[in-house]
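Trainee: Please model the complete structure; the sequences and the hints are all you need to start from.
Protein chains in written order, with the numbering used here: chain A, 27 to 311; chain B, 27 to 311; chain C, 27 to 311; chain D, 27 to 311.
All clues stand as given, with none of them false.
Which residues of chain A face chain C? A partial, calculated answer using Cβ under 10 angstroms:
{"no.": "1", "residue": "Ala273"}
{"no.": "2", "residue": "Asn276"}
{"no.": "3", "residue": "Val280"}
{"no.": "4", "residue": "Pro281"}
{"no.": "5", "residue": "Arg292"}
{"no.": "6", "residue": "Met294"}
A short list of chain D residues far from chain B (calculated; beta carbon distances all over 12 angstroms):
{"no.": "7", "residue": "Gly35"}
{"no.": "8", "residue": "Asn44"}
{"no.": "9", "residue": "Arg57"}
{"no.": "10", "residue": "Ala168"}
{"no.": "11", "residue": "Glu171"}
{"no.": "12", "residue": "Ser178"}
{"no.": "13", "residue": "Glu245"}
{"no.": "14", "residue": "Pro246"}
Hints listed in this document are in silico derivations from the structure and should not be mistaken for laboratory results. Beta carbons: idealized from backbone N, C-alpha and C, even for Gly.
There are 4 protein chains.
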Amino acid sequence: MRVGFMGLGIMGAAMSANLLEAGYELMVYNRTAERAEPLREKGAAVAGSPVELAGQCDVIIIMVTGPEAIEELLWGEHGAAEALVPGKTVINMSSVSPSYTRFLDETISPSGAVFLDCPVSGSKKPAEEGSLVILAGGPEDAVRELEPVLLSMGRKVVYCGQSGMGSAMKMTVNILLGTMIEGLAESLAFGERAGLDASLILETVLAGPMACGLFQLKEPMFRANDFPPQFPLKHMFKDLRFILETAYENGAEVPSVHGTVQTFSRAMAQGLEDEDFAAVIKALP
Amino acid sequence: MRVGFMGLGIMGAAMSANLLEAGYELMVYNRTAERAEPLREKGAAVAGSPVELAGQCDVIIIMVTGPEAIEELLWGEHGAAEALVPGKTVINMSSVSPSYTRFLDETISPSGAVFLDCPVSGSKKPAEEGSLVILAGGPEDAVRELEPVLLSMGRKVVYCGQSGMGSAMKMTVNILLGTMIEGLAESLAFGERAGLDASLILETVLAGPMACGLFQLKEPMFRANDFPPQFPLKHMFKDLRFILETAYENGAEVPSVHGTVQTFSRAMAQGLEDEDFAAVIKALP
Amino acid sequence: MRVGFMGLGIMGAAMSANLLEAGYELMVYNRTAERAEPLREKGAAVAGSPVELAGQCDVIIIMVTGPEAIEELLWGEHGAAEALVPGKTVINMSSVSPSYTRFLDETISPSGAVFLDCPVSGSKKPAEEGSLVILAGGPEDAVRELEPVLLSMGRKVVYCGQSGMGSAMKMTVNILLGTMIEGLAESLAFGERAGLDASLILETVLAGPMACGLFQLKEPMFRANDFPPQFPLKHMFKDLRFILETAYENGAEVPSVHGTVQTFSRAMAQGLEDEDFAAVIKALP
Amino acid sequence: MRVGFMGLGIMGAAMSANLLEAGYELMVYNRTAERAEPLREKGAAVAGSPVELAGQCDVIIIMVTGPEAIEELLWGEHGAAEALVPGKTVINMSSVSPSYTRFLDETISPSGAVFLDCPVSGSKKPAEEGSLVILAGGPEDAVRELEPVLLSMGRKVVYCGQSGMGSAMKMTVNILLGTMIEGLAESLAFGERAGLDASLILETVLAGPMACGLFQLKEPMFRANDFPPQFPLKHMFKDLRFILETAYENGAEVPSVHGTVQTFSRAMAQGLEDEDFAAVIKALP
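Mentor: Pasting the structure below:
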């Protein structure tokens, strides 16, 4: 089985390296070609265009920033769509809304190719360590068949249901991710205003039942007030907007997400978009 | 040293039992006297009034629901205040606002008694197990001197600064506690609307970096849709209102707390006040 | 000059009737043809397709529910775009976002046709009376030249700047429209919960400095608890979502719009979409 | 009938001058005595203490900033409460919460004096012009009997029901007042971010169905970006907090008030407390 991987950003570079390491015959494509070099050196083939990659691979993985980039890869010049035929599987691992995922499925399926919806939970470090949680939607047999491929990038595949349900689970988990970081940021900012030391607050939180891997991961950032991007703030902001749109479509109520998105919007306006999303604390006075 | 304990609710009953077990000579008082019986059987003396307790004890601990109950104990009929003299220490462990704590300090200190501000982080189970985290404000030497007493009820004493800072830390930690439960509730409600199974969402969350003791504790409640009170919803609602008042006084911004308090307010209006605070999910359609 | 009008909903039917009455030679098109009948009877020509209308008219007005309907008219089967050439002017009067308006401008202008952006402030009754306020964006000379056409549908043309600025003004005005109705609804619901009579509240409001045409128009609806659509709730909900998207793009902060959109979202989930937007009060318990 | 007036701030000074002008025999009291001078010059008697005023007057009006000042006047040193006997009427016109109003009623009524609850709608200018709307709660016959006194300060008395209902109506009307100014501020800030001129926005709003006395009154402030206090921002902030407390007690839902109070809180933190409440726009970037 030949695996193709399109999109070699922070996440994609780490995930495709893990595919290689697991022994898959890998072909990669990235719009700016130099980002493919490190993978070529490790043994990956490099495609000159999306259609070349799609023509030569059985499984075509997409991991980019959103709808626009996906559409460029599929239906842009030399787009992959031309090469989709029965027997091939397209796996979108990019974070997009459930309704956009259903649109992708409806547009790709007529070609006879299978479409899977497999966004991931986890950021840079789990991507590098191959410990992502993969949230899979699509035909269950196809997901089970490709589980070994997916497990070379992650430590767990959660089967969520038909196409679109992987994205729905991603949004669901990211509600918690966004509101927890916002909650910690509000807590720290509130405490500091009241005269408490941020270190003491972090120590107290991490000594109690709210201690978790997420807060442990971000603790040094808050202590140092320095936020190198593991999960860039602009991506969380994008996800929060998807979440609101989906909530409005489904009639779900998310009042604390409405609070959270406003702080993230201010953080974007302050130019924090490329910092880690924990930098949202800088938008709280 | 003789220790007095006033307020034998869910928390107070467990905490005073731990004081007894640690070997302290204990006298208790509760407005409704029958709640003192189990402690009398274990060897505690039972006071007939707050002033009797305060007269006979060196350390007077208060653990009640709020300002009104505190004032009844201190300045009501046969109130404890009459017996406060130098050498005695009053420890308020009830959850109240920092500004009310400062009022207590200013009102009690002229008697010569020392006032400490020691609210706790943790609910029923940690109270029973003696594993509360105690957030201490007041003169540091007095806190250090009474640390053994406090550690018979908890596993950690965090010294937060002068009087009022214990309450400030409690509010700070409860911002996180309230927004995390709200975030999990919104996440579950959103996911279910999108067609996901609540069990699968909980499984996914508990497999990732957001897994924590709090969510593990509440997981069976969400699965069973049954919320026996560990930390009653009405108490979290009260704390959220203290948090807002304090934020307004200090100029802190807490947008996701504003989202959270609205769901809790609706839950109160739905009559969920005596269920565990995780029952807030029932207020989300 | 021959004027074409596409989209004969509540607003469009009234607006095109006013164009006829003003003496313009009018051709109309509507997806469901029977809605064109009343206008045919008054003397309008009826086009069989958008491209027929665009081929025969100098000015092509579009008044539909949103992007999807616009795209069907312009680029669907027998779409108007094929007939756009220099000398023709396309006026979009539908309510869409500023960014979508700029997309329309960029897509239409290469044909040589002029694109104007002219959404309206006002609902059913002002449309019928020709008293709409028209918020115009695009080349100023083109707006001034067509001002007589516009003034046959409205009583005032506000020139707002380049293409997209008409939509920006529409969003700006609708922030106020949405938050004022939400504010009145919250006020009434709050007062009734406190034991006041809704009639007395309305009387008090209308006796003071907040009395305005909008509240006078809606007063009978609130009194009768019956909300026949002048401006359907689903359209205000759509506009609120455009407003949020635009605010996120521009870094504008709109906290009370975030409160408002949540009530409207709940109202949508309750099935109130086709009632007047003042029915949002039914979503407040 | 002798009328006493305590509290000679912006509002009280204007209201008591109107009482004098209407021919009432007036006695005034103010904590800082010099504020009584202009009234003495116009013919008012000046009391040396609240109890002196209450002893000599049949009707005792209170118009101060809140509960603390009220309690100082009634139960502080030489407080008015000592002189309350059957036949006297206390009218609180200060803005306080309905629950605090009920507390005043319950505390004053045992003296035999009648208590009325008469907050006002309107700020500096209507106070000067005698065109306030007076929102009256208490025994209906007492309100009707004193209507001439009230109408010398306002142009309309709205009888709202038993004691506390005047305050409830005040809160209800101020929900609208606060959210309308917040809505206009968000609208202007949003529009300016999108490239529109504030003057053009104001012109458009004032040409449409949202035009009202309130916006006409504030328009020059927004144009000049200068906000001399008619209704100080800190007072609206106080009222918004009363509104939230009352909403939480009654189970009313006020999502856009939650948005509004956050902007006002930030404005307070920015030091805008003594400007007119329309200055809240400065807290929106």
